[in-house]
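Colleague: Residue strings, one per chain:
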Amino acid sequence: MNKNKTLWQKIKAWPLLLPIVCLLLVMAVNIIYDASLGNNPFSFFKITLQTTTSNGTIFYGRIIDILNRGSEAAILALGMTLVVSSSAGTDISVGSVMSLSASVCCMLLAGYGVTSTSELAVPLVVGLLGALVVGSLCGAFNGFLVAHLKIQPMVATLILFTAARAIGLLVCNDMIVYVRNDSYGFFGSFLGPIPTPIVITAICIAVLSIALNKTALGTYIQSVGINSKASRIAGLNSKTIIFLTYVLCGFFAAIAGIMQSSRITSADSNNIGLYMELDAILAVALGGNSLGGGKFNLAGSIIGAYTIQAITTTLYALGVSTSQAPVYKAVIVIIIVAIQAPPIQAYVRKKAAAKNAVKEVA
Amino acid sequence: MKKKLLGIFLAATMAVGMLAGCGGAASDSSDSSDTASTTEDSGDSGASGDTISIGFAQVGHESDWRTASTKSCQDVFSEANGYDLSFVDCDNDSAAQLEAVRSFIEQDVDYIIIDPIVSTGWDTVLTECEDAGIPVIVIDRTIEDSDKYTAWVGSNFKTEGLAAGEWLKAYAESKGISEINYLTIAGSTGASAQIGRSEGFDEIAEANGWNKLDEQDGDFTEDGGQSIMESYCKSYEGKFNVVVCQNDNEAFGAMTAMDNAGITYGLDGDVILISFDACTAGLEQVKARKITADFECNPLAAPFVEEVIKKLEAGESVEKEIFMEEHWYALTDAIVDFSIDGEAQTMTEVTDDVIDAQY
Numbered sequence: 001m002n003k004n005k006t007l008w009q010k011i012k013a014w015p016l017l018l019p020i021v022c023l024l025l026v027m028a029v030n031i032i033y034d035a036s037l038g039n040n041p042f043s044f045f046k047i048t049l050q051t052t053t054s055n056g057t058i059f060y061g062r063i064i065d066i067l068n069r070g071s072e073a074a075i076l077a078l079g080m081t082l083v084v085s086s087s088a089g090t091d092i093s094v095g096s097v098m099s100l101s102a103s104v105c106c107m108l109l110a111g112y113g114v115t116s117t118s119e120l121a122v123p124l125v126v127g128l129l130g131a132l133v134v135g136s137l138c139g140a141f142n143g144f145l146v147a148h149l150k151i152q153p154m155v156a157t158l159i160l161f162t163a164a165r166a167i168g169l170l171v172c173n174d175m176i177v178y179v180r181n182d183s184y185g186f187f188g189s190f191l192g193p194i195p196t197p198i199v200i201t202a203i204c205i206a207v208l209s210i211a212l213n214k215t216a217l218g219t220y221i222q223s224v225g226i227n228s229k230a231s232r233i234a235g236l237n238s239k240t241i242i243f244l245t246y247v248l249c250g251f252f253a254a255i256a257g258i259m260q261s262s263r264i265t266s267a268d269s270n271n272i273g274l275y276m277e278l279d280a281i282l283a284v285a286l287g288g289n290s291l292g293g294g295k296f297n298l299a300g301s302i303i304g305a306y307t308i309q310a311i312t313t314t315l316y317a318l319g320v321s322t323s324q325a326p327v328y329k330a331v332i333v334i335i336i337v338a339i340q341a342p343p344i345q346a347y348v349r350k351k352a353a354a355k356n357a358v359k360e361v362a
Numbered sequence: 363m364k365k366k367l368l369g370i371f372l373a374a375t376m377a378v379g380m381l382a383g384c385g386g387a388a389s390d391s392s393d394s395s396d397t398a399s400t401t402e403d404s405g406d407s408g409a410s411g412d413t414i415s416i417g418f419a420q421v422g423h424e425s426d427w428r429t430a431s432t433k434s435c436q437d438v439f440s441e442a443n444g445y446d447l448s449f450v451d452c453d454n455d456s457a458a459q460l461e462a463v464r465s466f467i468e469q470d471v472d473y474i475i476i477d478p479i480v481s482t483g484w485d486t487v488l489t490e491c492e493d494a495g496i497p498v499i500v501i502d503r504t505i506e507d508s509d510k511y512t513a514w515v516g517s518n519f520k521t522e523g524l525a526a527g528e529w530l531k532a533y534a535e536s537k538g539i540s541e542i543n544y545l546t547i548a549g550s551t552g553a554s555a556q557i558g559r560s561e562g563f564d565e566i567a568e569a570n571g572w573n574k575l576d577e578q579d580g581d582f583t584e585d586g587g588q589s590i591m592e593s594y595c596k597s598y599e600g601k602f603n604v605v606v607c608q609n610d611n612e613a614f615g616a617m618t619a620m621d622n623a624g625i626t627y628g629l630d631g632d633v634i635l636i637s638f639d640a641c642t643a644g645l646e647q648v649k650a651r652k653i654t655a656d657f658e659c660n661p662l663a664a665p666f667v668e669e670v671i672k673k674l675e676a677g678e679s680v681e682k683e684i685f686m687e688e689h690w691y692a693l694t695d696a697i698v699d700f701s702i703d704g705e706a707q708t709m710t711e712v713t714d715d716v717i718d719a720q721y
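Going down the list, the protein sequences come from chains L and W.
Numbering of the first sequence is given in the working numbering, commencing with residue 1 and proceeding in unit increments.
Numbering of the second sequence is given in the working numbering, commencing with residue 363 and proceeding in unit increments.
Hint data in this document are derived by calculation from the structure and do not stem from the laboratory.
Careful, some of the hints might be misleading.
Unchecked claim - Sample of chain W residues with no beta-carbon within 12 Å of chain L, all distances over it, derived:
hint: 1; residue: 443
hint: 2; residue: 456
hint: 3; residue: 469
hint: 4; residue: 509
hint: 5; residue: 554
hint: 6; residue: 571
hint: 7; residue: 665
To be verified - Label-pair restraints from in silico Cβ distances:
hint: 8; chain 1: W; residue 1: 630; chain 2: L; residue 2: 31; range: 32 to 40 Å
hint: 9; chain 1: L; residue 1: 35; chain 2: W; residue 2: 573; range: 22 to 30 Å
hint: 10; chain 1: W; residue 1: 598; chain 2: L; residue 2: 180; range: 26 to 34 Å
hint: 11; chain 1: L; residue 1: 122; chain 2: W; residue 2: 673; range: 48 to 56 Å
hint: 12; chain 1: W; residue 1: 540; chain 2: L; residue 2: 180; range: 32 to 40 Å
hint: 13; chain 1: L; residue 1: 330; chain 2: W; residue 2: 680; range: 47 to 55 Å
hint: 14; chain 1: W; residue 1: 443; chain 2: L; residue 2: 111; range: 29 to 37 Å
hint: 15; chain 1: W; residue 1: 540; chain 2: L; residue 2: 32; range: 33 to 41 Å
hint: 16; chain 1: W; residue 1: 454; chain 2: L; residue 2: 339; range: 40 to 48 Å
hint: 17; chain 1: W; residue 1: 573; chain 2: L; residue 2: 51; range: 24 to 32 Å
hint: 18; chain 1: L; residue 1: 327; chain 2: W; residue 2: 708; range: 42 to 50 Å
hint: 19; chain 1: L; residue 1: 327; chain 2: W; residue 2: 454; range: 22 to 30 Å
hint: 20; chain 1: W; residue 1: 454; chain 2: L; residue 2: 180; range: 25 to 33 Å
Note that the structure is predicted; figures quoted are calculated from it, not measured.
Idealized CB from N, CA, C, for every residue including glycine.
Isolated chain L (complex conformation) (with noise of 0.2 Å):
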């Protein structure tokens, strides 16, 4: 009995609780309109396996559309959880250079001024590291202004918030520029059953995991996010650290917009990532993390950017009109903040304390 209770206990004071729960909600709305309508009530979960003509057996069902569409959005996140909190503000440029990344790789990848093809220019490994620099450039570009000359972020990145989209209108010459080819369309398609983007994004996840934690580069980050004048007296390079969340972060953008150009095989300057920073910064904050910087919760974060695709694919699956759907998504999240929210937070804990208080009484 007391043993269950201090398991209670560890369970509420988990600071995932709060984010699983309230993607989970968003979910069930999708059980309680099935049921309404007649239908089984699990057929948004059901996942079964498709036979196609172009991509053999694939899994399928809406829960792997959330999985699949929500990959940019996680990838992202996982940059913006990092610059938050080194740097306590937020990099609203990645959308744009999600766009430039893409840009450039299907620029070299169709030769300069070419519009449509379907055979490379150069090896497809060529056009991806291109993006992956290009990505990485304009993260330390941010990086250099924020950590070295104490530019506010958002200031900093506006820069490349407004310049990045229209540098990859250039590279691409003002056209939509197609690559036709199903060894770029792959990072956009499916490896066996299972979308690629679903994939990559467990890579990121991974590979950043292990090194956040096998390494002290999480701690680092975060005590530099906590108080950086502190940590550089403890003999820690606050400025390195921050100049590297925000290469991080270009760099994660990079891989984002290669994938979302990979699914329409083309570069569509004008669309990819198209409001994509809000989605990564509204992902941290729903992961419960603080925009103030500091102490950050990457699993949160990641919960955070599936969320959101949860909440448009359950729109979606409602036939809520693709116009209004905004609104709908503004109010869902208006609640989960609201319910993570510190003063709603100490409010129910104190209700808890005081039912607790007359059992303990009684």
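Once you've looked at the hints, dock chain W against the given chain L.
Modeller: Frame of chain L, contents of chain W only:
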């Protein structure tokens, strides 16, 4: 150290500034050179009196469609054809467009062509044109708050929708399909192309008792079409046999999503796929039997504008609203006879030559 850092920063910002500035600067300089060259040329034309000087204020260069529109004007109003065209790319800046029109008035060109970036705020400048005695021809987009232009040349989006509907009716009859359940992937909600195409198609659908399952906004993008179709495939599994995409990019996205859902489409598949725009890439998919029929949105306004100008030169009157001729594309198997409001339509068969000739 600090100085060194500052130096690096300044160099970096300058480099970025130059990169970022390129787009704007380039178009600015081309604008001014255009203007300069026109001033000279219009002096010439005034002297010789043979060439017709035309000022064209274009929206920008945001899509393949727009580039085709620009090129069409430059081809038709070439020096060889006896025209002197001063072209201004307004880069989607409506203030710049007003400036461009005013500079045309100052240059005293013979005709002004405008593709209005915004539909309102034109009355003052059009009055100035009228006072200067310069006829204005509006193309593509419309002007709502003034009628002081001579003619408008553009697409009738509703006719495109009607054509798609009437074609589907005839095609379904020829294939013996009695029940039609269709899904629409619409363009950006509120865009004139979206409103017209939905209106036209839905009119025919209602008249024939077709079942419209859903209409969602795919924003005219491939990604939009793909994610909407992905959801449609699950929500309406096995319930639909027609998908209407309001532009080719959305159709490409829908194709990927249907591939991944194991749904066959096009001429040899279960689902009839209808698309609009008929750009080169779209026609290639028609040729590949993936898109069943593609309904054109003609970007080549210039030949129609030239006709208007010729009539005006001859002192004839012109109609205020001129709809461009548009083509409906399919392969032989899907070419059927149909008519819109009693007017018989001819469809164009897609061949390699047709694809090469398309924008």
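Colleague: Determine for every hint whether it applies to the structure shown.
Modeller: Now the hints, each set against the structure:
Distance check for residue 443/W against chain L: the nearest CB is about 27 Å away, which clears 12 Å, and the non-interface claim stands. With a cut of 12 Å on Cβ distances, residue 456/W stays outside the contact zone with chain L, its closest approach being about 18 Å. Here residue 469/W stays apart from chain L, with its beta-carbon at least about 27 Å from theirs, past the 12 Å limit. For residue 509/W, the shortest C-beta to C-beta distance to chain L comes to about 31 Å, beyond the 12 Å cut-off, and the non-interface label holds.
No beta-carbon of chain L comes within 12 Å of the beta-carbon of residue 554/W; the shortest separation is about 16 Å. Even its closest Cβ contact with chain L, about 22 Å, leaves residue 571/W beyond 12 Å, as expected for a residue assigned away from the interface. Remark: the non-interface label on residue 665/W is consistent with the geometry, its nearest Cβ contact in chain L lying 24 Å away (cut-off 12 Å). Under the hint 32 to 40 Å, the C-beta atoms of residue 630/W and residue 31/L, about 39 Å apart, fit the expected range.
The hinted window of 22 to 30 Å between residue 35/L and residue 573/W holds, with their beta carbons roughly 25 Å apart. For residue 598/W and residue 180/L, the hinted distance range of 26 to 34 Å is satisfied, since their beta carbons lie about 28 Å from each other. In this structure the hint that residue 122/L and residue 673/W lie 48 to 56 Å apart at CB holds, the actual value being about 53 Å. Checked against the hint of 32 to 40 Å, the C-beta distance between residue 540/W and residue 180/L comes to roughly 37 Å, which is consistent with it.
Taking the beta carbon of each, residue 330/L and residue 680/W are about 50 Å apart, inside 47 to 55 Å as hinted. Here the CB-CB span from residue 443/W to residue 111/L is close to 33 Å, well matched to the stated 29 to 37 Å. A hinted range of 33 to 41 Å for the beta carbons of residue 540/W and residue 32/L is consistent with their spacing of about 36 Å. A C-beta distance of roughly 42 Å is found between residue 454/W and residue 339/L, which places it inside the suggested range of 40 to 48 Å.
At about 28 Å, the beta-carbon gap between residue 573/W and residue 51/L stays in the expected band of 24 to 32 Å. Remark: the range hint 42 to 50 Å for residue 327/L to residue 708/W is upheld by a beta-carbon distance near 46 Å. Take residue 327/L and residue 454/W: their Cβ atoms lie about 28 Å apart, and the range 22 to 30 Å holds. In this structure, residue 454/W and residue 180/L meet the distance hint of 25 to 33 Å, their C-beta atoms being roughly 28 Å apart.
In this structure, none of the earlier numbered hints is contradicted; all agree with it.
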